[in-house]
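First to last, the sequence lines map onto chains G and S.
When you line the first sequence up against my numbering, it's residues 56 to 475, in that order.
When you line the second sequence up against my numbering, it's residues 56 to 475, in that order.
These are computed hints drawn from the structure, not numbers from a lab.
Each hint should be verified, as a subset may be incorrect.
Any copy, or any two copies together, can satisfy a pair, since identical chains are not distinguished.
Claimed, not checked - EDC-like, lysine to aspartate or glutamate: derived pairs with alpha carbons at most 20 Å apart:
{"#": "1", "residue 1": "K169", "residue 2": "E154"}
{"#": "2", "residue 1": "K86", "residue 2": "D429"}
{"#": "3", "residue 1": "K63", "residue 2": "D178"}
{"#": "4", "residue 1": "K58", "residue 2": "D372"}
Predicted model only: the values in this text are computed from it and were never measured.
What follows is each chain in one-letter form.
There are 2 protein chains.
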Amino acid sequence: MLKLDLSKLEGVISQDQINAMAPEVEAAHAKLYDPAAPGSDFVGWVRLPEDYDKDEFARIQKAAAKIRQDSQVLVAIGIGGSYLGARTALEVLPIDGPEICFVGCSLSPNELQKVIKKVEGKDWSINVISKSGGTTEPAVAFRVFRDLLVKQYGEDADKRIYATTDKARGALKSLADSNGWESFVVPDDVGGRFSVLSAVGLLPIAAGGIDIAELMGGARDAMNAYDKRDMSNPVWQYVAARNLLYRQGKKIELFCTYEPSYSFIGEWLKQLFGESEGKDGKGIFPASAQFTTDLHSLGQYIQDGERHLFETVIYVDDTGCDIAIPYSDDNGDNLNYLAGKPLSFVREMAFQGTLAAHQDGGAPSVVLRLDKMDVRALGELFYFFELSCGISGHILGVNPFNQPGVEAYKKNMFALLGRP
Amino acid sequence: MLKLDLSKLEGVISQDQINAMAPEVEAAHAKLYDPAAPGSDFVGWVRLPEDYDKDEFARIQKAAAKIRQDSQVLVAIGIGGSYLGARTALEVLPIDGPEICFVGCSLSPNELQKVIKKVEGKDWSINVISKSGGTTEPAVAFRVFRDLLVKQYGEDADKRIYATTDKARGALKSLADSNGWESFVVPDDVGGRFSVLSAVGLLPIAAGGIDIAELMGGARDAMNAYDKRDMSNPVWQYVAARNLLYRQGKKIELFCTYEPSYSFIGEWLKQLFGESEGKDGKGIFPASAQFTTDLHSLGQYIQDGERHLFETVIYVDDTGCDIAIPYSDDNGDNLNYLAGKPLSFVREMAFQGTLAAHQDGGAPSVVLRLDKMDVRALGELFYFFELSCGISGHILGVNPFNQPGVEAYKKNMFALLGRP
Numbered sequence: 056m057l058k059l060d061l062s063k064l065e066g067v068i069s070q071d072q073i074n075a076m077a078p079e080v081e082a083a084h085a086k087l088y089d090p091a092a093p094g095s096d097f098v099g100w101v102r103l104p105e106d107y108d109k110d111e112f113a114r115i116q117k118a119a120a121k122i123r124q125d126s127q128v129l130v131a132i133g134i135g136g137s138y139l140g141a142r143t144a145l146e147v148l149p150i151d152g153p154e155i156c157f158v159g160c161s162l163s164p165n166e167l168q169k170v171i172k173k174v175e176g177k178d179w180s181i182n183v184i185s186k187s188g189g190t191t192e193p194a195v196a197f198r199v200f201r202d203l204l205v206k207q208y209g210e211d212a213d214k215r216i217y218a219t220t221d222k223a224r225g226a227l228k229s230l231a232d233s234n235g236w237e238s239f240v241v242p243d244d245v246g247g248r249f250s251v252l253s254a255v256g257l258l259p260i261a262a263g264g265i266d267i268a269e270l271m272g273g274a275r276d277a278m279n280a281y282d283k284r285d286m287s288n289p290v291w292q293y294v295a296a297r298n299l300l301y302r303q304g305k306k307i308e309l310f311c312t313y314e315p316s317y318s319f320i321g322e323w324l325k326q327l328f329g330e331s332e333g334k335d336g337k338g339i340f341p342a343s344a345q346f347t348t349d350l351h352s353l354g355q356y357i358q359d360g361e362r363h364l365f366e367t368v369i370y371v372d373d374t375g376c377d378i379a380i381p382y383s384d385d386n387g388d389n390l391n392y393l394a395g396k397p398l399s400f401v402r403e404m405a406f407q408g409t410l411a412a413h414q415d416g417g418a419p420s421v422v423l424r425l426d427k428m429d430v431r432a433l434g435e436l437f438y439f440f441e442l443s444c445g446i447s448g449h450i451l452g453v454n455p456f457n458q459p460g461v462e463a464y465k466k467n468m469f470a471l472l473g474r475p
Numbered sequence: 056m057l058k059l060d061l062s063k064l065e066g067v068i069s070q071d072q073i074n075a076m077a078p079e080v081e082a083a084h085a086k087l088y089d090p091a092a093p094g095s096d097f098v099g100w101v102r103l104p105e106d107y108d109k110d111e112f113a114r115i116q117k118a119a120a121k122i123r124q125d126s127q128v129l130v131a132i133g134i135g136g137s138y139l140g141a142r143t144a145l146e147v148l149p150i151d152g153p154e155i156c157f158v159g160c161s162l163s164p165n166e167l168q169k170v171i172k173k174v175e176g177k178d179w180s181i182n183v184i185s186k187s188g189g190t191t192e193p194a195v196a197f198r199v200f201r202d203l204l205v206k207q208y209g210e211d212a213d214k215r216i217y218a219t220t221d222k223a224r225g226a227l228k229s230l231a232d233s234n235g236w237e238s239f240v241v242p243d244d245v246g247g248r249f250s251v252l253s254a255v256g257l258l259p260i261a262a263g264g265i266d267i268a269e270l271m272g273g274a275r276d277a278m279n280a281y282d283k284r285d286m287s288n289p290v291w292q293y294v295a296a297r298n299l300l301y302r303q304g305k306k307i308e309l310f311c312t313y314e315p316s317y318s319f320i321g322e323w324l325k326q327l328f329g330e331s332e333g334k335d336g337k338g339i340f341p342a343s344a345q346f347t348t349d350l351h352s353l354g355q356y357i358q359d360g361e362r363h364l365f366e367t368v369i370y371v372d373d374t375g376c377d378i379a380i381p382y383s384d385d386n387g388d389n390l391n392y393l394a395g396k397p398l399s400f401v402r403e404m405a406f407q408g409t410l411a412a413h414q415d416g417g418a419p420s421v422v423l424r425l426d427k428m429d430v431r432a433l434g435e436l437f438y439f440f441e442l443s444c445g446i447s448g449h450i451l452g453v454n455p456f457n458q459p460g461v462e463a464y465k466k467n468m469f470a471l472l473g474r475p
C-alpha cells in the first residue's frame, strides 16, 4: 500500500490541526453514502471495485483479446474522462500488443492526420467512448475513422467498432444498436472523471495487455482499507491536510512525479480535482510538474515566488528500470564519486533534497510514496485519489460530482456553429 | 506580425488603466539598457537577433548539415533552458532528417533506456548543451551516451560530439578542448531561459531541417517592431495588462493553445516567466493548458472556480493541416450540419465561444493571434515573450535575470549524494 507522509508540512500545519479536522472529514465521508447529499446520484464509483457488472467485465476481457488478436492499432476515441484514465494506465504501466492511439480529444486536424497515417495499411479497430455520442470532438473523430474503417472492411467494419456509451439512450447507443456494434456501458451513477474503473477505462487498458482483474483488485484493496473512519486513514489525513492548506491561502496544488512516463497521472488528477472542486468561486487550482525536469523551469518559482502553493508528490521507488552511472577515465565532469551507483539513488537524493528545500522556502509537500508501480498499485492510486476527491469536495461545500461550468463554452460554440 | 487583442479583459481592466501604465512600462523597458539595473549583465538576448556571432552561426549551419548527412539520430543533452527552446521549435514546426531525442532533462532510467534503444544499430551524434558541464542530469546522460558512442565509433566518436558550453571555462569546455570536439558558445550575457536564439537552441533546431536564418529574421523583425516606446506596442500592452491583472489578484496565468503540438510553447513559457518573476515572494504562477482538450478537465475550474486566474491564449489560424468533416448517411450523431466544413472552422468557433464564456465567468483572456505558424512567426513569438518577460520582471521589482532559488535543491542533493 502507498505510504502518506505529512512530515514536510511541519511549520505550516500541525498534527493537532490535522487531528482536529476529524469531525469534518467524518461528516464529509458519510455524505458519500447519504442519498440527501449533493451529487448522491453519482457515487457509483465508491463501491465500483466490488460491485461492478461481472458479465460485462468478462465481455470486456473477451473484446480486448479479440482486438489484440486481430488489430495492430486500436483507435480510442474520447475526451476528458473518456480518455484520461485509460491513457494514464497505458503510459504508466508496461504494455504490449496493438498500438493504442487516442483521438477525439482535441479539434486538431494534425492530430487526426497523424493517426490516419498510423492505420494506413494496418488492421485496426475503434473504441468510441461517449456517454451521449453528441460531444463534438469525439463525434467528429468518429465520423472520420468510421468512414475509413468502412472503406477498408466494408460490412465487416461493424465487427471492429466497440461503443462505450449510455446503457439505453443517446445518439451513440442508437447507432451501436442499429449497426450491431458490441457495446459497453458508461454507468449512470459514475461521472466521467471517476470512470476509469468502468468499461470507459477498462477496454482500452485491457487492449494494451494490462491485467484489469488485478487493476480492480488493487482498487478493491484500497476501497476496503480507506473506508476506515478515523485519522489513521491516509485518505482522511490527505483530505484534512489539503483543506487546511487551502484555508491558509495555499490555492495551488502542484502534483509532482519523478518519472516522465507518469505525467498523465497529473493530467488525470487535474480533471479529477479541477472539475470536482472548481466551482462556486472556490477550489484549489490543480497544476502538475515533472521533476527533476521542471525544477529547472518552475523550481525558482516554487522556491521563492508567491507563497500560495503546496505540492503533492507521488514518488515511486522502483519504476521498473535502473541504470548504473558509468566510470569515466578522465572524470572531466567530476562525477566519478557516483560511478557504479544506480541512477535511482541520485533521483532519491534529488527528491529528498527538493522536499527539504521547498519546505524551507515555504512550499510544503504532501508525499505519497509507493514501493513500485505495478497494476495493483495503480488501481490503489486511482481509488485513493477518487475517494480523497469526493470527501474533499464535500468539505469544501460544493457538489463534487457535477460540472455545470463545462457547458458554458459549448453553448456559445453551438450558437456560433449554427447548430439547428 | 502577431495581433494582440485585449478586448476580452473588458469589465476587469480598462483601456484607460492600461494607458496609465505607460510611465511604468517605459521605465522598465529602459532598465534593459541601463547598466545599473538589476541583472544588467544578462541582457545579451535583447539585441541578439542582430548582434549574434555570424561566424559561429555559419559553423552551426555547417555542423547541422553534417549531422543531417551522417546521422539518423541526434541525441540532444540538456535541461531547462538548454532544451526547452529547441524542443519547442522542433515540435511546433515541420521537421525532417534525423530523429532528435532529448535526454539529460530528468533522472529517469526509463528515459535513458528508451533513447539507448533508439540509437542501437543507427548512425548518430551527440549535442551536449551545458554552460558548466557540472549539472547532474545532463552530465550523467552524457557519460552514458559518450560511452556508447565511443564503443560504436572508437576515436571517430570525437567527430560526432558537439559541445555547446561556456566560451572559456568549465568542465565541459575543458573536455571539449582536450578531445577536439567542435564547440559552440553559451553566451555569458544570455541566461538559459533566454537562449533559444543562441547556439543552445540553434544547433538542434537546424539539425531538424529548420531554416535558422529565417528564425533569426522573424526575431529581428520583432526586435525592431517591439522596441517602440509607447502603448501602441503590443509588448507594452501585454506587459501592462498582466501586471494590472496580477495587482487585482489574478495570480495564475494560464497559457493556452488550441493545437496539441504547440504544448511545448507552454513549457517554454513556464520557465521563461516562472524563473524570471517567481522570486522575493512575488510573481504570477505560470501554468499551461491545451484546448479544447483541457476544457474537458480544467474547463470547469476556469469557468467557475476560485477567481484568481487569467488566460493568455495563443491562437493560430493556419496550423498547416485541415480536414473536412465527412457527411454521414445515417446522421446518427446529428452532425450533418457541419458536413463539408473544415475542422478549423469548428475550432475557431470553440475558441470564440470559450473566450466569451470565460470572460462571462470572470476568467479574462489576453489573446495573441497568428495567421499561421511558420519559422518566422515562431522567431517573432519567442522574441515577443522574451521582451515582455524582461520588462514585466522590472515592473514587478525583481531581478528578472537571476535564479537564486534553483540552487536550493541542488545544494541539499549534493550534500546527500556526498559530493566531495
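Each hint tested on the structure:
1. K169 to E154: both (13 Å within a copy, 17 Å between copies)
2. K86 to D429: neither (32 Å within a copy, 54 Å between copies)
3. K63 to D178: Answer is neither: 51 Å inside a copy and 47 Å across each miss the 20 Å cutoff.
4. K58 to D372: within (12 Å within a copy, 48 Å between copies)
The structure fails hints 2 and 3 (numbered hints given earlier, in ascending order).
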